[in-house]
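Participant: In case you want the letters, here they are:
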Amino acid sequence: MFETIAFYTFSFLTILAFAITVTTKNVLYAMSSLAGGMIIISGMFFLLNADFLGVVQIIVYTGAVIALYAFAMIFFDSTKDIVETKTGKTFFILTVLSSVMLVLILTIPMASGQVEALYPIHEGVGNAQDVGMVLFTKYLVPFEVAAVMLLVAMIGGIIMAGKKMDKNLTEIKENEE
Amino acid sequence: MLEAVNISFESLNMATLTPMLVAIVGALAILTIDLFKEEMDKTLYIVLTILFLVADLSTVLGQTMGERGFFDVMLIDGLAILAQIVLLIGSIIFIPLAFSSQRFHEYRYPEFFALFLFMTAGFQFMVATDNLILIFVGLETASLALYTLIVLHNKDKSFEAAIKYFTMGALAAGFFAFSGMIFYGLTGSVELFKIFEVLEARNFEPMILILTASVFMLASFGFKMAIVPFHTWGPDVYEGSSAALAGYISIVPKVAAFVVIMRIFEGLIASGIVWIEYIFYAIVVLTMTLANIWALVQKDVKRMLAYSSISHAGFVMAAIMIGTTQANSAIFVYWILFSFTNLGAFAMLWVSHKKDSNYHERFDHPFEKFSGMVKMSPLSAVLMGLFMLTLAGIPPFSIFWGKLYLVSSAVNAGYLVLAVIMVLNSAIAAYYYAKLIVYMFMKEPETGVDGSVYMMNASISLKVMLGIAAFFTALSIFIVNPVLELSDFFIYSSGF
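Those sequence lines, one after another, are chains U and X.
In terms of my numbering, the first sequence is numbered consecutively and its last residue is 181.
In terms of my numbering, the second sequence is numbered consecutively and its last residue is 549.
Bound-form chain U, shown alone (with noise of 0.2 Å):
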C-alpha cells in the first residue's frame, strides 16, 4: 500500500518536473527542475531496493551532470527567455499523445511476460557488494572499456578546446608560419 503511494507520488513529480524542464522558456527554470527530477528518479531505485544506484543517480545526475550544465549555462545570457519559431498547440498534444502511446505499447507487454534477471540481487547482502561483485567480474571489460571511453573524450575536449586550434595551417601558405 505505502509502496504504491510512493510510486505514484514519485511519477507524478518526475513527469511533472520534466515537464517544466521541456515546457519553460527560461534556462534557470529548466535547469532547476531538470535537477529536481533526476532526485525525484532515485526516489524510484530506492523503492526497488537498489539503494546504490539511486545514490548514484544522486551523486552523478545532480551533482556531476546538472553542475557541468550550470557551468556552460553561466557564459550565456541565461536570464532571457528563448523565443521559439514554432510554437503549435496540436503539435503539442500530438506529441504527448503519441508518447503515451508508445510508452504504454512497450510497457503494457513488458509487464505482463515473465522476465527471469541474469543478475538477481541477494537476500542479505549490501547493494554495494552486489553490483561490485557482477561489475568486476562478469562486465570487467565493458567497464573498462567505459574508462578508455571517458579517456577518449577528455583528450578530444582538450585539443578542441586548446589554443592550437586557433591559426589553421590546413589553410595557410606552405611557407608561412
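Rather than coming from a laboratory, the hints here were simulated on the basis of the structure.
Ideal placement from N, C-alpha and C gives every residue a C-beta, glycine not left out.
The reader is advised that the hints may include incorrect statements.
[To be verified] Taking lysine-lysine and the PhoX-like style, the derived pairs with C-alpha atoms no more than 25 Å apart in a straight line are:
1. X:LYS90 x U:LYS167
2. X:LYS90 x U:LYS168
3. X:LYS217 x U:LYS168
4. X:LYS95 x X:LYS208
5. X:LYS95 x U:LYS168
6. X:LYS210 x U:LYS167
7. X:LYS352 x X:LYS428
8. U:LYS167 x X:LYS95
9. U:LYS142 x X:LYS247
10. U:LYS171 x X:LYS90
11. X:LYS407 x X:LYS210
12. U:LYS167 x X:LYS208
13. U:LYS168 x X:LYS408
14. X:LYS352 x X:LYS408
15. X:LYS208 x U:LYS171
16. X:LYS428 x X:LYS408
17. X:LYS408 x U:LYS171
18. U:LYS168 x X:LYS428
19. X:LYS428 x X:LYS488
20. U:LYS171 x X:LYS95
[Stated by the list, open to error] Label pairs and their calculated CB-CB ranges:
21. X:GLU538 x U:ILE19: 50 to 60 Å
22. X:LEU432 x U:ALA74: 43 to 53 Å
23. X:ARG156 x U:PHE75: 32 to 42 Å
[Unchecked claim] Facing chain U, from chain X, some residues (calculated, C-beta under 8 Å):
24. VAL126
25. PHE178
26. LEU187
27. GLU193
28. LEU197
29. TYR200
30. THR265
Chain U is fixed; fit chain X onto it per the hints.
Facilitator: Just chain X, lined up with the frame of chain U:
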C-alpha cells in the same frame, strides 16, 4: 556476506583481449612520447601507429576460433577474426595517407594518432563480443574519437561536419540504448545468444515489442552507416573531412557496423517475423536506388563518392537480409575489394588537394577541376579512370567480382526481384562514374591551369599507396579466389 571469488588467470583467456590491448597501449605510448618530447615530426607517429596496428594484426592472426573469454563477454568466432583482419588492414592502408607533402593541421597533433588507435580498439571491441553493453561502449569509444579526428582538420566545414555527425551519433546512441533496454526487458539478458534462446523458447512473442526493438536497432545503425533514410549527414561529413579521412569513414566503421547488424538481425530475420524482413527489404532498395539518383546530380566529386559509398553499403545490406552463408561471405569479399578501390579513389582526391582552391566558391573537388586532365597529367587521369570504372563494376576489375558473387547469392536464395534491382542500380551507377571519365578524357582543359595541381600533395609514400590500390584493383582477377576462400572459411566455421 558474499563469498570472495577466486578466478584463475587461465580462465580469463587473455588471448581474446590482447589485440585491443595492443592498440590501447600503442595509443598511450604515443601520448607518453609527446609528454616527454614535444614537437616531434609526424613521421615518427605515423610509423609508430603502423607498427602497433601490425602488432595488433599479428595477435589477431594468432587467435583461435570459437573461444570465449573474460566471463564469456568476449567472443572470438570466425566472424570476429575476419572482421578484425579487414578492419586492421583497412586502418593500416589508410594511415600512410598522412605522409602528404603539404602541411595539414591534424597531423601536427600526436593525439590524432592516439585517437586513431583508440578508435581501432573501439571497433575491435564491437565485433569481438555479443554483449550489447560492450558493443555500445566500443561503438561510442570509436565514434567519439572519430568526431574529434574530423574536427582536427580545422576548417569551418569540418566543424559543421563534426557537429552534424555528433548530433546524429548521439541520437543513434539513444536509439541503441532504447533497443537494448527493450531486449533486456523482454529476456532479462543483454547477451545476444541468451536473448535469442529466451525469445525462441516463447516463440517470439510479444511480436510488437520485438518489432519495436528491431526498428530502433536498425535506425541506430542506419544513422551510424548513413543508410537511407538516415543518410542526411553523410555527404556533409565527407565534404568537411579531409579526403584521406573521408575514405576511411567510407570503409572501416562500416565493417564493424555490418558485423553487429549480422549478429543481431540474422537471428531476427530467421525468426520468421515477416515485418522485419519487409522493413529491411524497403531500406535496402531505397538505399541503393535513392543514393544512386542523388549521386547523379552532385557537382562535387567527393560528394558524388559519398553517395556512391552509401549505395554500395546498400548492396551489402541486401546480403545481410538474404542471410545465407554464401551471402554473408559475399559481404566480406565485396567489402575487401571495395576498400582497395575506394582507397584509390579518395587517395586521388587527396593528392590533388590544393590549399587555395579557386575552382568553385564552395567545393574543393568540382568536376571542372578534372576537365581535360588527360592532356596535362595522363598517368593520374588513367589511374582515376581505372578507379571509376572499377566502382562502376566493369569487368574484369575488382568490384565486378564482388557484385557477381552477391547477385548470384541473391538468385540462389530466391530473391529474383532483388537481384534485378541490384543489376539495374549498377547500370545507373555507371552513368555518374562515367561523367567524371568524360570530364577527364573528353573535355578541354580550362584556360590558365597546368597539370601540377593533380599531384600537388603527392609524396613517395602516397604514390606507393596509389600503386598498391591500382595493383589490387587491376589484377583483382588473381586475388578474388583466395579472398573468397578465406572469407568462406571464416564465415562457414562460425556458423553464419
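Participant: If a hint holds in the structure, say so; if it doesn't, say that too.
Facilitator: Taking the hints in turn, this is what the structure says about them:
no., hint, result
1, X:LYS90 x U:LYS167, "holds, 19 Å"
2, X:LYS90 x U:LYS168, "holds, 17 Å"
3, X:LYS217 x U:LYS168, "holds, 23 Å"
4, X:LYS95 x X:LYS208, "holds, 20 Å"
5, X:LYS95 x U:LYS168, "holds, 16 Å"
6, X:LYS210 x U:LYS167, "holds, 19 Å"
7, X:LYS352 x X:LYS428, "holds, 22 Å"
8, U:LYS167 x X:LYS95, "holds, 19 Å"
9, U:LYS142 x X:LYS247, "holds, 15 Å"
10, U:LYS171 x X:LYS90, "holds, 22 Å"
11, X:LYS407 x X:LYS210, "holds, 16 Å"
12, U:LYS167 x X:LYS208, "holds, 15 Å"
13, U:LYS168 x X:LYS408, "holds, 19 Å"
14, X:LYS352 x X:LYS408, "holds, 20 Å"
15, X:LYS208 x U:LYS171, "holds, 10 Å"
16, X:LYS428 x X:LYS408, "holds, 23 Å"
17, X:LYS408 x U:LYS171, "holds, 15 Å"
18, U:LYS168 x X:LYS428, "violated, 41 Å"
19, X:LYS428 x X:LYS488, "holds, 17 Å"
20, U:LYS171 x X:LYS95, "holds, 18 Å"
21, X:GLU538 x U:ILE19: 50 to 60 Å, "holds, 59 Å"
22, X:LEU432 x U:ALA74: 43 to 53 Å, "violated, 60 Å"
23, X:ARG156 x U:PHE75: 32 to 42 Å, "holds, 36 Å"
24, VAL126, "holds, 5 Å"
25, PHE178, "holds, 6 Å"
26, LEU187, "holds, 5 Å"
27, GLU193, "holds, 6 Å"
28, LEU197, "holds, 5 Å"
29, TYR200, "holds, 7 Å"
30, THR265, "holds, 6 Å"
Checked against the numbered hints listed earlier, the structure breaks hints 18, 22; every other hint is satisfied.
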